[in-house]
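Student: Model the full structure from these sequences, guided by the hints.
Chains as they are written, first to last, in numbering that gives the first Met the number 0: chain A, 0 to 251; chain B, 0 to 321.
Keep in mind that the hints were calculated from the coordinates and are not lab data. Positions of the beta carbon are idealized from the N, C-alpha and C atoms, including for glycine. A portion of the hints provided could be inaccurate.
Computed footprint of chain A on chain B, listed as stretches where at least three residues anywhere in the stretch have a Cβ under 8 Å from a Cβ of chain A [what the hints assert, rightly or not]: (1) 189-203; (2) 216-230.
Dumping the calculated DSS-like pairs for lysine-lysine here, alpha-carbon to alpha-carbon at most 30 Å [claimed, not checked]: (3) Lys99/A x Lys318/B; (4) Lys135/B x Lys314/B; (5) Lys118/A x Lys219/B; (6) Lys229/A x Lys6/A; (7) Lys85/A x Lys214/B; (8) Lys214/B x Lys99/A; (9) Lys93/A x Lys219/B; (10) Lys219/B x Lys314/B; (11) Lys93/A x Lys214/B; (12) Lys196/A x Lys229/A; (13) Lys314/B x Lys99/A; (14) Lys93/A x Lys317/B; (15) Lys93/A x Lys138/A; (16) Lys196/A x Lys117/A; (17) Lys93/A x Lys196/A; (18) Lys314/B x Lys138/A; (19) Lys93/A x Lys318/B; (20) Lys196/A x Lys118/A; (21) Lys22/B x Lys3/B; (22) Lys317/B x Lys99/A; (23) Lys99/A x Lys219/B; (24) Lys219/B x Lys115/A; (25) Lys219/B x Lys85/A; (26) Lys117/A x Lys219/B; (27) Lys314/B x Lys93/A; (28) Lys214/B x Lys118/A; (29) Lys219/B x Lys138/A; (30) Lys117/A x Lys214/B; (31) Lys135/B x Lys214/B; (32) Lys214/B x Lys115/A; (33) Lys138/A x Lys318/B; (34) Lys317/B x Lys138/A; (35) Lys6/A x Lys214/B.
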Amino acid sequence: MKEVKIKINNLSVYFNYIQALNDVSIELYANRVTSIIGPSGCGKTSLLRTINRMNDLMHGFRLTGEVLIDGVNIYEPEIDVVNLRKLVGMIFQKSNLFPKSVYENLAFAPMLHGIKDKKEIEEIVERTAIQAGVWNEIKDRLNENALNFSAGQQQRICIARALTVEPDILLMDEPATALDPVSTARIEELIFELKRKYTIVVVTHNMQQAARISDYTAFFYLGHLVEYDKTTRIFTNPANKQTEDYVTGRFG
Amino acid sequence: MNVKEEEFISQYSAAVSKKKLIKEKLIKYFFMINSLAAIFLILSIFIFLLYESYRAFEQIGIGEFIGKEISTPGGTAKTIYQWYPTSEEPRYSIISLLVGSLLTALPATLISALFGIAVGIYLSEIASSRSREILKPVIEIFAGIPTVVIGFIMLAIGATVFNDLFHPPNRLNAFLASIGLSIICIPIVASLTEEALRSVPNELRMASYSLGANKWQTIKNVILPAAISGLSAAIILGFGRAVGETMIVLMASGNAAELTFNIFRSMRSMTATIAAEMGEVSFESNHYYALFVIGMVLFVSTFILNLIAELILNKMRKKLRS
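Tutor: Structure follows, in structure tokens:
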């Protein structure tokens, strides 16, 4: 019953002469939360940014292997990156709202992609803000500068903004690292809600968080995929010694 | 702790407090005195200008610096705005000079804003790091060309070419001078623009790309709005430089102290007036003091322009950091 959304075959990623990922093959499932864990420099973020081709912007990036979304290789030359990024939303470590009003932030992508009807944009703003659980806090302050909101609110507005392009997949790069425990809890609840509609891939440094929010967990070390399994299994009975050492805190 | 150890420690700390502290204090005062000297110099220049201008106002009258009322043969009074201090009936209106300065500085600012911002965008957002490394110093060299060389080129070559093509009423004119000014203002605006754009956090670019924006949309909708205050500061500083520049205007503008709003006519700027006349004026004459009034107007206006730009930049840095 689980459906493969993202299929990665023999993926190796290089930045100039540095290899960030080494022969990674993994299947990520629709409507599931997959956590990517591992020590710094293990290639977590490189993997994430390969899925929406944000690595294309990096100097000296090149890859071998395939990344298939719904069976289509997104690195085929005829793939339109704009359409891909509408399909794959991304949340960053630190909220990166534009120094504009909340409304302008949420209307940014719809207007960019050609929606002119003001009513339609307003509907998108409201719907995505409700989905991101931040509507009640912003609805009376839509014209206020987005940077006036608290860090937790800003991050949820970022999630709402990512939803405005109506993606299927959400990539989250340590979305709660910069937040206090209460805001973190809200983001985690939100991730749980969102997986009903979206395929979610979360990079996290926080192993408790991975255990709490994800259905599947992939452990990376030095660019290799060491182990990938159900989260419960990774944290209770990992097959690999390195995984066990990492999740029990013996190194990392 | 035994006695020997205590002795050692007290000796050691005494040595530290004496030698090192004196040295550190000396270093501190050396730098403090240097920066105070700079402030003192600027202040004394300002006071000097103020004092000499006061003498001018005292001897000539403030109203004279705006315009002079003369009676025409028909019997009606007429105000003329002319700078003609060596005439038998001297005229000290700095309005014509002020208009002259603006007539060269404003078009130059417009041109350098247009090209300078374009170059800044290219350097910051589009150029590869290699072409930036080559292009940036080349552009900055332009800002360092001695202005007399630019003035000379405009006078000798620019004027001839322009004259043959467009036949302006005067061979040397404000437009020619403003082209010359642009040559030094474009690099200023360009490098300040580049700095402003680069101070926009990379996360904002990432956010824009991740929402499916392309490069141009990202520049237009995200980066330029975020850096708008930096851009306006760049333009203001470019304008300040254009107003304060002397040699280019002196050589390329034709130097006619007439009130004109026609950009293709000869005119004269405030700076060129000081440069041209200060050497010939008799010491402590009315004319001599009048030149100081021009100096003060220039000093105050460029000071205010720089201050505004600095305030805008400060505000932007704070905003982007939050």
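Student: Hint by hint, note whether the structure agrees.
Tutor: Hints, verified against the model:
1. Counting residues of the segment 189-203 of chain B whose beta carbon lies closer than 8 Å to any beta carbon of chain A gives 3, which reaches the threshold of three, so the coverage claim holds.
2. With 5 residues having a Cβ less than 8 Å from any Cβ of chain A, the segment 216-230 of chain B passes the three-residue criterion, so the hint holds.
3. Annotation: proposed proximity of lysine 99/A to lysine 318/B holds, straight-line Cα distance about 11 Å (limit 30 Å).
4. Distance restraint check for lysine 135/B and lysine 314/B: the Cα-Cα separation of roughly 26 Å lies within the 30 Å cut-off, and the hinted pair is therefore satisfied.
5. Proximity of lysine 118/A to lysine 219/B is assessed by CA-CA distance (about 24 Å); at most 30 Å being required, the pair is judged to hold.
6. Among the hinted pairs, lysine 229/A with lysine 6/A is consistent with the structure: their alpha-carbon atoms are about 17 Å apart, no more than 30 Å.
7. For the proposed pair lysine 85/A and lysine 214/B, the alpha carbon gap of about 16 Å is at most 30 Å, so the pair holds.
8. Between the alpha carbons of lysine 214/B and lysine 99/A the distance comes to roughly 19 Å, so the proposed pair stays at or under 30 Å and holds.
9. Restraint check for lysine 93/A and lysine 219/B: satisfied, since their Cα atoms lie roughly 23 Å apart, inside the 30 Å limit.
10. For the hint pairing lysine 219/B with lysine 314/B, the CA-to-CA distance comes to about 21 Å; that is within 30 Å, so the pair holds.
11. Distance hint between lysine 93/A and lysine 214/B is fulfilled; the C-alpha atoms sit about 22 Å from each other, no more than 30 Å.
12. Proposed proximity of lysine 196/A and lysine 229/A is supported: the alpha carbons are some 20 Å apart, at most 30 Å.
13. For the suggested pair lysine 314/B and lysine 99/A, the alpha carbons sit about 15 Å apart, so the restraint of at most 30 Å is met.
14. Under the criterion of a C-alpha separation no larger than 30 Å, the hint pairing lysine 93/A with lysine 317/B is consistent with the structure, at around 18 Å.
15. A distance of roughly 23 Å separates the Cα atoms of lysine 93/A and lysine 138/A; the hinted pair therefore holds under the 30 Å criterion.
16. Between lysine 196/A and lysine 117/A the alpha-carbon distance is near 26 Å, which keeps this suggested pair within the 30 Å criterion.
17. This hinted pair checks out: lysine 93/A and lysine 196/A have alpha carbons roughly 24 Å apart, not beyond 30 Å.
18. In summary, the hint linking lysine 314/B to lysine 138/A is supported, as the alpha carbons are separated by about 28 Å, within the 30 Å threshold.
19. For the hint pairing lysine 93/A with lysine 318/B, the CA-to-CA distance comes to about 16 Å; that is within 30 Å, so the pair holds.
20. About 24 Å separates the Cα atoms of lysine 196/A and lysine 118/A, which keeps this hinted pair within 30 Å; it holds.
21. Note on lysine 22/B and lysine 3/B: the hinted pairing holds, with a Cα-Cα distance of about 28 Å set against a maximum of 30 Å.
22. Taking the CA atoms of lysine 317/B and lysine 99/A, the gap is near 15 Å; set against the 30 Å cutoff, the hint holds.
23. Between lysine 99/A and lysine 219/B, the direct Cα distance comes to roughly 14 Å. Compliance with the 30 Å bound is thereby established for this hinted pair.
24. Straight-line distance between C-alpha atoms of lysine 219/B and lysine 115/A comes to about 18 Å, which keeps the hinted pair within the 30 Å bound.
25. Straight-line distance between C-alpha atoms of lysine 219/B and lysine 85/A comes to about 19 Å, which keeps the hinted pair within the 30 Å bound.
26. Between lysine 117/A and lysine 219/B, the direct Cα distance comes to roughly 21 Å. Compliance with the 30 Å bound is thereby established for this hinted pair.
27. Distance restraint check for lysine 314/B and lysine 93/A: the Cα-Cα separation of roughly 22 Å lies within the 30 Å cut-off, and the hinted pair is therefore satisfied.
28. Distance check on the hinted pair: lysine 214/B and lysine 118/A sit about 28 Å apart at the alpha-carbon level, within 30 Å; holds.
29. Proximity of lysine 219/B to lysine 138/A is assessed by CA-CA distance (about 27 Å); at most 30 Å being required, the pair is judged to hold.
30. Taking the CA atoms of lysine 117/A and lysine 214/B, the gap is about 25 Å. The hint holds against a cut of 30 Å.
31. For the hint linking lysine 135/B to lysine 214/B, the alpha-carbon distance of about 21 Å falls within 30 Å, and the restraint holds.
32. For the hint linking lysine 214/B to lysine 115/A, the alpha-carbon distance of about 21 Å falls within 30 Å, and the restraint holds.
33. Between lysine 138/A and lysine 318/B the CA atoms are separated by roughly 24 Å; this keeps the pair inside 30 Å, and the hint holds.
34. With a CA separation close to 27 Å, the supplied pair lysine 317/B and lysine 138/A stays within the 30 Å bound.
35. For the suggested pair lysine 6/A and lysine 214/B, the alpha carbons sit about 28 Å apart, so the restraint of at most 30 Å is met.
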